[in-house]
Amino acid sequence: MIGSYRAISTGNFFSPFGVILKSRYNKNITKFDLDSSLSVALNDTVKLFAGVKYQGYDYTEDIRFPNATMVGVAVANGARDRLRNLGPGLGLGLTFHLADNFYLLYNISGIVLFGRERYRYRWNTVFIIAAGPVALPTRFLDSHFYTPGGNSSLSLAYVIPRANLTLSLGGRYQVLYYVRRKKGIMSLHEAYNIQGKFDHIYGLTFGVVYSIKLGKG
1 MIGSYRAIST
11 GNFFSPFGVI
21 LKSRYNKNIT
31 KFDLDSSLSV
41 ALNDTVKLFA
51 GVKYQGYDYT
61 EDIRFPNATM
71 VGVAVANGAR
81 DRLRNLGPGL
91 GLGLTFHLAD
101 NFYLLYNISG
111 IVLFGRERYR
121 YRWNTVFIIA
131 AGPVALPTRF
141 LDSHFYTPGG
151 NSSLSLAYVI
161 PRANLTLSLG
171 GRYQVLYYVR
181 RKKGIMSLHE
191 AYNIQGKFDH
201 IYGLTFGVVY
211 SIKLGKG
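For what it's worth, the working numbering labels the leading residue of the sequence shown as 1, then goes sequentially.
If you're looking for bench data, these hints aren't it; they were derived computationally from the structure.
Careful, some of the hints might be misleading.
[As the list claims (entries may be wrong)] Derived pair list, reagent style DSS-like, types lysine-lysine, alpha-carbon separation capped at 25 Å:
(1) K213 x K47
(2) K197 x K31
(3) K197 x K182
(4) K27 x K213
(5) K182 x K31
[What the hints assert, rightly or not] Simulated restraints, written as ranges between beta carbons of each label pair:
(6) L104 x R24: 49 to 59 Å
(7) N101 x I8: 41 to 51 Å
(8) R116 x L156: 38 to 48 Å
(9) I160 x K182: 28 to 38 Å
(10) F206 x Y177: 23 to 33 Å
(11) I8 x L92: 40 to 50 Å
We put the beta carbon where it would ideally sit given N, CA and C, even for glycine.
Build out the structure end to end from the sequences listed, making use of the hints.
Right, dumping it as structure tokens:
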């Protein structure tokens with residue numbers, strides 16, 4: 001799963017120096033969530049599965065917003081916040097035969113992820129009238145997290161034997177909870193601090209599975 005969000009805003013900024021300055025703000029957020037698993041069927045109804053999840057965010061923003069100071073105008077431009085998590089999961093799957101070729105599928109699993117958050121300036125300067133451009137620091141301490149959570153999904157499947165196809169339609173819900181192991185620069189800003197925050201993902205799912213039979217029989 002991968003998705004993105006983008007926001008753009010523009011406006012005017014009035015400084016104490018009597019100058020109206022244009023401001024522009026761009027924000028891009030990309031979210032990805034990847035799963036891999038192996039399963040074993042205990043019988044026609046119950047299966048167990050284990051796997052690995054890799055997920056995270058890329059958050060970038062470009063700020064052209066002049067901030068008036070006593071000695072000049074400061075402009076902060078361009079930062080990137082990167083969060084990566086990786087960890088194991090274990091789950092249970094149930095399959096219920098409803099009617100000819102129709103099945104109800106339910107899966108539930110628990111996961112524990114480990115990762116870090118890295119914040120960097122891509123480019124950033126402070127313009128001071130008396131002294132000229134001054135570069136700000138571009139490296140900060142990383143935040144480290146462990147992230148427990150869970151997944152559940154419910155879907156209706158239809159099997160087409162002659163085509164070796166299975167079609168499914170349903171829904172999925174995932175929740176993650178961020179627990180900080182080591183503070184970083186973003187923990188100092190409440191608006192960006194994810195310590196103790198939940199991450200919810202939910203929506204509709206649609207799948208098509210083509211089956212290949214190996215061996216004799």
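Evaluation of the provided hints:
Restraint check for K213 and K47: satisfied, since their Cα atoms lie roughly 20 Å apart, inside the 25 Å limit. Proposed proximity of K197 and K31 is supported: the alpha carbons are some 16 Å apart, at most 25 Å. Distance hint between K197 and K182 is fulfilled; the C-alpha atoms sit about 15 Å from each other, no more than 25 Å. About 48 Å separates the Cα atoms of K27 and K213, which puts this hinted pair outside 25 Å; it is violated.
Annotation: proposed proximity of K182 to K31 holds, straight-line Cα distance about 23 Å (limit 25 Å). Checked against the given bound of 49 to 59 Å, the beta carbons of L104 and R24, roughly 51 Å apart, stay inside it. Between N101 and I8 the C-beta distance comes to about 49 Å, which sits within the given range of 41 to 51 Å. Our hint of 38 to 48 Å for R116 and L156 holds, since their Cβ atoms are close to 39 Å apart.
In this structure the hint that I160 and K182 lie 28 to 38 Å apart at CB is violated, the actual value being about 51 Å. The hint said 23 to 33 Å for the Cβ distance between F206 and Y177, and at roughly 28 Å that hint holds. In this structure, I8 and L92 meet the distance hint of 40 to 50 Å, their C-beta atoms being roughly 44 Å apart.
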